[in-house]
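Chemist: The two chains are supplied separately, each in an independent frame; assemble them into the complex guided by the hints.
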Amino acid sequence: MLEVILFLTGVHFMMVLLACIYRIVDLWYRISDYWIGILIRFVVVLLLNAVVLSALGEDGRTAFLWGQASYLAFHVVAFWLTRLGLLIVDIVRR
Amino acid sequence: MAVLGLDQIGKTEIDLAGGKGANLGELTALGFPVPPGFVIAANSYAEFMADFDIPANDDIEDASAFLERIRARILDKDIAPGLHADIEAHHEALAAKRAEDIVYAVRSSATAEDLADASFAGQHDTYYYVSHDDIELMVRKCWASLWSEEAFSYRHTHGIEHRSVQMAVVVQEMVRSDISGVTFTADPVSGSDTVIITESSWGMGAAIVDGRVSPDQYIVDKENRRLTSIKISDKKFMVPSALSPDQQSRLVEVPATLRRAESLTDDQIDEITDWAMKAEAHFGGHQDIEWAISKGDLFLLQSRPITVMGPPDGNIPSGKYVLFKPIAENFTDPLMPLTQDVVDGLVPMMEFIHGRVYMNFDHIRALIPLKLSDADVARLVYLSAPETDKLKVSIPRILLLVIILYINYLIMGVFYRRTAYLPDDFMSSFRSYFEKVAADRSIDAPSALIHLFMKFRFFEPVGNMVLLVNLAAPRYMLLLRLTGSLLERWAPALPPDTASLLCSGSAGVLSTDMGREILDLARLAKSSAVVEEALQAYEPVEALERLKTDEQGQVFHEALSGFLAKHGHRALKEFELSSVRWEEDPSPVIGMVRNYLLVDTELDDTEAHVTAHRDALWQELTETLADLPLERLFRPRLRILRFLVERAKYYMKLRENSRFYHIMGFYAVRKKVLELEASLLDRQVLKCKDDIFYLTWKEIKDLDNGVTGWSDVEDIIRTRRMEHIRLTKMVPPKTIGIPFEEATELAGSTMSGQGASPGRYEGVARVIMDPATDNEIKPGEILVAPYTDPAWTPLFLTANAAVIEVGSYLSHAGTIAREYGMPCVVDVSNCTSKIKTGERIVVDGTHGAVTRLEEEAEG
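Read top to bottom, the protein sequences are chains X and W. Heads up, the first sequence is in our numbering, so the first residue is 1 and it goes up one at a time. Heads up, the second sequence is in our numbering, so the first residue is 95 and it goes up one at a time.
One should not assume that every hint holds.
Below, computed lysine to aspartate or glutamate pairings styled on EDC-like, alpha-carbon distance capped at 16 Å [to be verified]:
1. W:K667 / W:E652
2. W:K414 / W:E365
3. W:K372 / W:E356
4. W:K549 / X:D90
5. W:K660 / W:D519
6. W:K792 / X:D33
Derived from the structure by calculation, the hints contain no laboratory data. Nothing here was measured: the structure is a model prediction, and the numbers come from that model.
Pulled out of the complex, with its shape left as it was, chain W reads as follows (with noise of 0.2 Å):
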């Protein structure tokens, strides 16, 4: 038979129907939702293709001239009468059903696709809006795909003869959806097949499939049906269930009201997982189930199997390797191709493995002059702490650790004192040389980021050299230690943590400082009924639109532009070049503002009390030193912790103010790629927008000098998508090639991390995964993060506490809780999976725990 309905297929007819054909005829013989259609039978291509004579795959010698012919003539040769007469007959019984014009969907289903153990998904083409006139074409289109370069070099690689793959094709109804999505009945990346999860978003599901928009993300619990996780992400994008005439790209904006608007209903999910579950259970494996709503009802698109479950192997170089924590505090996702690309190299020790940064073990192993085992220095390395209490020294290592430590001395020296003693102003000389060279058009993307790190004159003010400022500045940390272990000495009644409590408050930190800016934002905004109502009725670039026409709005423009002046630089995940920055877009700001309005947050009386309680500290220390010798007379004690105290400060003020000017020299080299994107979309050799940041300098420059167009960029651009959004999903190893385990937890409930700002507090959860969707929290509530940045920090000054799944006590989250004095625990492992928002903790930053208390309860 040369054409089959739907109804009329079985699960092992793959020969006939292909796996996709014959997965949807078994849905559809079970009553599955699925939409009505039929198949053309791949012995329709294997007559199609009886004349085209195809030799064996090792005789193919021109691969690429004989792709090329054979794509020609497929697309040249009449369909068969028969065929196009029994087509014609399956599309009159469907089109009679139907009071409108029937459009279809016109999908590859080769026969040996959709196996578990081979899989050529999205290497065989699928076409949407296919009119009754078109449906022949795109047949041929689909018998075609067999022939790419993609899917030819994938049968090669897999040792598949090209002469055994046979092509069916599935024309099913479009469903003209509403909503799409695609659900997994057992976790792809992680492998763990006790969760389904399901991923949405607005209009038709290609965007979804091809990697243009992040979807909203459904974690339900197989065994109890419950939804344990919800994120709901930022959707710019969508494709339409129905083209405009004008309309060039299927891809337009999604509505701002809809954007950050949750895709589904707890029906809605309900009835996925249900449905999920059943195509599980019927074909006896995992499922990568693919569906769509339109006006409410909710239609299968496909179910296959999943064939890629668990972390990606390739690719990892052999050899030992640390999670390079500076970086992965900052945001725990993959860079993007041409982030790495760009900073690759300037970094000593360091290596990229999927995205993430990590340090080269035997560099680091050879300067630690202890006898520890690799898992201890690697503990040491990430937590700062090894397991072991007993430590032995190594002579030679020592030795060769204080000659390296002399040339280092020698080498940088000088700077360490040109950075000791300087006011807090020094580096904003930085901002008019980041101007210069992003203005300069001879100095091109990877080239700034030299310019503005390392290329130095020979008086070049420190000011300038924000990135070695900024590696002088962990001083702080020994300085810390050295008060710490005084206090121990003198002042042993006093609290562990009141070191760390000294040594917070300092002013005129920047990402501080910009905290209350948006506060500042906030009291002016709330100061105007008008500004007020319209940051809080309407999306950010309407309020702002709105707001243009009004002279109290007038009033707020200019305040956030003075503050985007000063800040624009600044992102979430900044060190991402692709990360829109502020001055671009300041929807995340106005979020923060209005999340302020729905507060009554007063900062003045958190640091008043913050300064308080500090006085009184130094108080109790001077009268606890006050019988120690020689100490009423001089003072020498209170001057030792007091000039400590100060420089240690200092020095986290120097940190924190470098980074925030290394920032913007990122912002420098965004620039310069978003300049040569605009002129790549502009001659169309780029065709969609952030396309760019999947790949190199070197792709990038061969594009715009000519070497390479579009066609020789697509697949590449389109594969490192979906590898990125894979990478993203998994949650990186802190090390590799080296057994690392996980802090054990203290007891049932209480997990361990390590304290990073004293104190203990006692609250509601607030688990925020991206504070740009999502930034409402209540004061009182203890923030609960994957990871935090400057970005989030105006949710510090709402929350009472802070969990962070990684940091480290110089972290940002860090820095910022013991500046604004409340507990916060850090590198609390999975604490954003296991803690739920709504959920009474307790947060121990003295003693690095976390416990929580309905499972204690419970317990």
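Isolated chain X (complex conformation) (with noise of 0.2 Å):
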């Protein structure tokens, strides 16, 4: 059970990092003034995640790890069905 909660923790931890990383993207018309601001969501969310892993122990720490790397992949993976999604609704729609 803990490490099913870790597992999901993991995910939340990943969307939260991978949303700081596109802060980049969406505040890049104005990085000059944001990327201070950018830079410490960045270092926070890398600080809090060193903490919760080395606060683990090593089942723990592959439960999170898992949780970690299952939500990019399946992030990348839900993006590239959707566009290829849409690709089809637009060639059926032609």
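Modeler: Dropping the structure here:
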């Protein structure tokens, strides 16, 4: 049960980390105004990640990291599947 | 007898004169003002067709070829000498009474036509501007129209034997009408027989009958003959009573000064109503009457039974559906066929029924974890409030909902986080993306929608995903509810609408900024006597033309161009592709500026007042919370509330601003459609502007590629245009397949709705159905409208309260009313027909009630 919770926590942490990375893209048009805030966020999230990992035992760490990796894979696959689906919709409509 | 004068025919002689002829004959005999004329009897047709050997219905094999042969033969064959002589004699008799040459209207009058249960209206031809020399040719053309594909198909569907139908032809002096129209002695859409509905426009009646023009509409109460409703339309086109020699099309543009002018006077409405009632009384059934006014004289052209009563029954899919309110609250008209086709399939769980967007109820019901009846679920979905107070939970559905919500969280979680803390201008990159897609000729209209709303690169800035941003914004409601609950717990003495008031007043909301910018244009106009006078004295197009040559006018032009560069993609009914955008025609913007010039509205005062009220509320809240534990020391509750309020305001702004941009996406699609339309008009594959919106995308592509031609789409366009007009008059049911009772009246004179902006206000009502044609509202009045979208925003600046027929808390009306601090009640059924302009009403935005004071006093 603890491992499930840690897995799901890993999923959530990866979401937060991805959102931080995307923030660079989202605020690129005003990067000179926002780069410090972006950097601080990124560092805080990484630090939190590191703290959690260091506080966990081996099994817990594995579950947490699997959660993060799984979500990263899911995110990439979901994006490309969505693009494929929309491409199919576009072709069918033509 | 081959030819009869109209004064020789009675209503029972349908077999001889056809339905139209018999009715006109009857009207003539009774003294109705019918233009004189004569009828070529049906037996003349029978004699003419005697040697055609028409087979029985079942024996006709290749219908198209058969019909083509018959029509060609009818047009080739000469009329019998006896008939020719009769026609000449009747013409001479009429011509003798006129100083100038007579021009005729030649109308078909089938013997089965105009019967109450089988109408061929519009399927048999009518010809106008017929000279004496062309009478016989047009008579043969009317006979030939009995054998058109449409008429043939109609008879076949209704089991009418083709050989049995006869055709009489009415040849009547053509009224060179200045005004023409149609009057119904019952509402053909709702079936109500307590009203008389008259529709009128300039010039000849063909433009109305053909659906080319939106006519003015006058509704008279049958019992007391009082005019209960007037709707003045923007009458862009007319068929003139006289054609100029070089005129290619019968349709011409109406002069600017007449477009929005009332076509009928009160006396004319009374006269038309009187004759309509007489026709109904005589014929003993509801009548559909065509009439014309020439040099002040009224003529009745036709009177026939209304054959289509009540809402359309066909084409409703089986199943259960609920009207999709986020679209319906922005405009209540049906979408055009092209818009439906382009958008269809892109929105899951939605279907188009009678041109409106409905949600598939069964899909939604599966997600709601409460044990409610279908009607309660429908009410919850439509109004966000079931009638039942005690809610029972369904455990299996909760589990399903939790799973679905978690999947949604996995898919959208990153996106929700990305949109959580962004500056106001993060979506401004969408504009260059829109321009790029609009200019890219390799992207067609439907693909443009996908490109703009759904096709994004892996590292696409979230500002380019405006539709998804819009979907992420409803977190606002959750935050508002949470704020309300905490206020109730911590500060129960404060008014119940405190949460709403605190959550309003966001800076940077583009639609409120738009209202301010229009006011700035008005201030600029007012600062110059030349500009102010031009805008008030002339129609918008002419005013702007005149201002081009004046120095101050050029300054105004520049300011207007700046406004249009930012807001030019907006329009009334923005989701509709056929809606003309402000960039294409800035007349509505000038209309709004003109409205401000007529009144003294100081927005700064209004905003200062609202801000002061909000600040006072925060002060009061701070003082109330101060007595709670730890509050003076750390202010935890105040901080939590400030955080929740700021977040709520942020998401509300996200919703409004994302909508600003996704409307821009629709404009890109429109641009592509217009490009194609120009090409098709140029090649004469389409004949009239805006007809393209009645076709599906496939039909348009087939036209473009030469697979089909004008003759293949002409009837389709006409049929869909008439159907669209009919659907426009129909109030869409909120549910289909689910019994749904409207909210009951609270008391006789009080109407209930949903409170969208708190406060109470008593004042004079101003009912506005279309701000493009009627946007005069005085300060202090209460706006009463069928729906609103951002184009209505300037009216909110002048009004002191608002009552909206279709809307929700999150609708444009609710959002803007809260921004301006004015009471607003939405979802008030039939408010635009029950409330009259000039009536005193009380708007209670806190409790969602509207009270009519005069009715209350009378009661």
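Chemist: State for each hint whether it applies.
Modeler: Taking the hints in turn, this is what the structure says about them:
1. At most 16 Å may separate the alpha-carbon atoms for a hinted pair to count; W:K667 and W:E652 exceed this at roughly 26 Å.
2. The hinted pair formed by W:K414 and W:E365 fails the criterion: a straight-line CA distance of about 46 Å is larger than 16 Å.
3. Restraint check for W:K372 and W:E356: the C-alpha separation of about 25 Å exceeds 16 Å, so the hint is violated.
4. Between the alpha carbons of W:K549 and X:D90 the distance comes to roughly 10 Å, so the proposed pair stays at or under 16 Å and holds.
5. For a cut-off of 16 Å, the pair hint linking W:K660 to W:D519 stands: about 13 Å separates their Cα positions.
6. Straight-line distance between C-alpha atoms of W:K792 and X:D33 comes to about 48 Å, which puts the hinted pair past the 16 Å bound.
The structure fails to meet hints 1, 2, 3 and 6 from the earlier list, while all remaining hints are met.
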